[in-house]
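Note that my numbering has the sequence shown beginning at 2, numbered continuously upward.
In short, the hints are calculated from the structure, not lab data.
Just to be clear, a hint being listed does not mean it is correct.
[As the list claims (entries may be wrong)] Restraint ranges, calculated between C-beta atoms of paired labels, are given here:
#1 381 x 411: 35 to 41 Å
#2 338 x 416: 44 to 50 Å
#3 389 x 307: 46 to 52 Å
#4 167 x 381: 19 to 25 Å
[Said to hold, decoys possible] In silico SDA-like cross-links for lysine to any residue, where the CA-CA straight-line distance does not exceed 20 Å:
#5 350 x 128
#6 42 x 335
#7 334 x 435
#8 350 x 447
#9 345 x 127
#10 42 x 446
#11 343 x 440
#12 334 x 446
#13 343 x 435
Even glycine gets a Cβ: it sits at the ideal position worked out from N, Cα and C.
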Amino acid sequence: MRWVDDDNVALFTDLYELTMAASYHARGLEEPATFDLFTRKLPPRRGYLVACGLDQALDYLERLRFTDESLDYLGSLGAFEPSFLERLAEFRFTGDVWAVPEGEVVFEAEPILRVTAPLIEAQIVETYLLNVVGFQTMVASKAARVATACGDRAFVDFSARRDHAADAALLAARAAAIGGATGTSLVVAGEAFGLALSGTMAHSYVMRADDEEEALQAFAEDYGEDAVLLIDTYDTEEGARQAVRIAERLRRDGQPVFRGVRLDSGDLAALAHSVRRILDDGGLPDVQIFASGDLDEDRIAAIVADGAPIDAFGVGTRMGTSADASHVDVVYKLAEDAGHPKLKLSAGKATDPGRKQVHRVVGNGVADHDVLALADEAVEGGRPLLAEVMAGGHRTGPAETLDELRDRTRAAIAALPDRLRALDPEGPPYEVLRSPGLADLAVRLTDHIQRDHHPSTT
2 MRWVDDDNVA LFTDLYELTM AASYHARGLE EPATFDLFTR KLPPRRGYLV ACGLDQALDY
62 LERLRFTDES LDYLGSLGAF EPSFLERLAE FRFTGDVWAV PEGEVVFEAE PILRVTAPLI
122 EAQIVETYLL NVVGFQTMVA SKAARVATAC GDRAFVDFSA RRDHAADAAL LAARAAAIGG
182 ATGTSLVVAG EAFGLALSGT MAHSYVMRAD DEEEALQAFA EDYGEDAVLL IDTYDTEEGA
242 RQAVRIAERL RRDGQPVFRG VRLDSGDLAA LAHSVRRILD DGGLPDVQIF ASGDLDEDRI
302 AAIVADGAPI DAFGVGTRMG TSADASHVDV VYKLAEDAGH PKLKLSAGKA TDPGRKQVHR
362 VVGNGVADHD VLALADEAVE GGRPLLAEVM AGGHRTGPAE TLDELRDRTR AAIAALPDRL
422 RALDPEGPPY EVLRSPGLAD LAVRLTDHIQ RDHHPSTT
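Kindly generate the complete structure, drawing on both the sequences and the hints.
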C-alpha cells in the first residue's frame, strides 16, 4: 500500500472518467468544455458553507502527470487503446479555472469552481476536485460554526487521531484554521502549513507515575511556562489543588509557573467553576483553563452560555469528521461544450446552463441575496465572486496565507444576516436568484431538449 502522491495522483480518478475520456479521444472530441463544481443542497443546520480547498486543487492541476508506472497499470487493464495511453503520456492540464476565493461563504447551486479545458482534461480531474474541495469545505464550515459558538474564546484542532485517514487529518487541520481555529495538535500540519502547534499531555503520563502530583510537577519543570497540566486523571478538584502546590514550589525555586490546566472529562462547565476558584484562591488568577473532550459547537455554546471560566477549547472528532453533517453534496456538472451551453433536466438534479458568475448584493453592510448570472451579464449592485485563478494551466497569482483566508472567513460570516449565522438557522434560507439572461437561456434549452425528445406526431 502507498500514499497518494505526485507519482500516482493521476489515478485518483473514478474509472468512468477514464472510459469516457477514452471514448472522447477515439471520436476526436477535444473541444473546450466548462464544468461547474457546486453543492446541490446545504447540509442540515447549515445556513451557509465556507469555500475551501482551492489551493490544493490548483496545486494538483499544475502538477498532474501520468507516470510510466501509472500508464503500465492502465495498460494492464486491457480496457484502453494504445493511442489513448499515448495521449495520457503527454497529459498536462492546460485549462482555465475561475473560483470563489477560499474563506468566502457560498450557497446552494453556486459554482465554487468553474473549470474550462479540453474535454478530456476537464473530465479526468473531476474526482480529485470534488474530493479536495468538498472535504475541506465541509470541515471549514464546521469549524466556522465552532468559532461562532466560542465567540471571543480560542479553539484548536485536536481531530487528527479520529479523522478518516492521514491525508484527511492533514487537510482538516488546514480547513479548521481557515474556519477559525488558532492552531492544531498535528505536527505535520504545523510543518506543512505553518500552523501554530498546541499540545498538553495525556492521562498515560500521569498514570505511569506512582504519584499524580509528582508527574504533574515533572512536566511543569520540563516545559516551564509553556506547560499545560492535565488535572482530571483521578479527581479534578484535587488535581487543581496539586497544581496550586506545584506552582508554590516552582516560585520558591525561582522557576516559571505553567501556563494552564486542562479538563478533558466530566461536567466541564461545573468543573471549570470549581477549578477556577481553587486556582484563584491559590494565587493563580493568570493560569488558564483549557477544555477538551468530545466537544462540538453545541456543547461549547452551552458551556459559554453557562459562563464557565474556560479560556480555550480543543475540538477533535466532531469537527474533523463534521459528525452531524459528514459530507457536502458537491457535484461537477457540464455547463458548456464546444461553445454550446448545456443543462441537465434529471428530476431533482437539474443544472443551470452556460458559463456563469455569482454576484453578491449587499445592503447596509449585510449580504441580502446572490444572483447567479451568465458570465458576460451585468448585475447592478452585485459584487462578482468568481475570479480567474488559473489560465492555461498555470496559477494567475501566488497562494494566499492562512491568516488572509481566516480573516476573509471571519468578515464573510460577519456580513451574513443573523439568522444564517445561528447554530440553528431560522427563517427563510439565503436567496440565490437567477438573472433574466440565465433564466431565459434555461427555458430555451429546455424547450429545445423537450422538442428533440418528444417530437410532435401530428
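Hints versus structure:
| no. | hint | in the structure |
| --- | --- | --- |
| 1 | 381 x 411: 35 to 41 Å | violated (28 Å) |
| 2 | 338 x 416: 44 to 50 Å | violated (36 Å) |
| 3 | 389 x 307: 46 to 52 Å | holds (48 Å) |
| 4 | 167 x 381: 19 to 25 Å | violated (48 Å) |
| 5 | 350 x 128 | holds (18 Å) |
| 6 | 42 x 335 | holds (18 Å) |
| 7 | 334 x 435 | holds (18 Å) |
| 8 | 350 x 447 | holds (14 Å) |
| 9 | 345 x 127 | holds (17 Å) |
| 10 | 42 x 446 | violated (23 Å) |
| 11 | 343 x 440 | holds (13 Å) |
| 12 | 334 x 446 | holds (16 Å) |
| 13 | 343 x 435 | holds (16 Å) |
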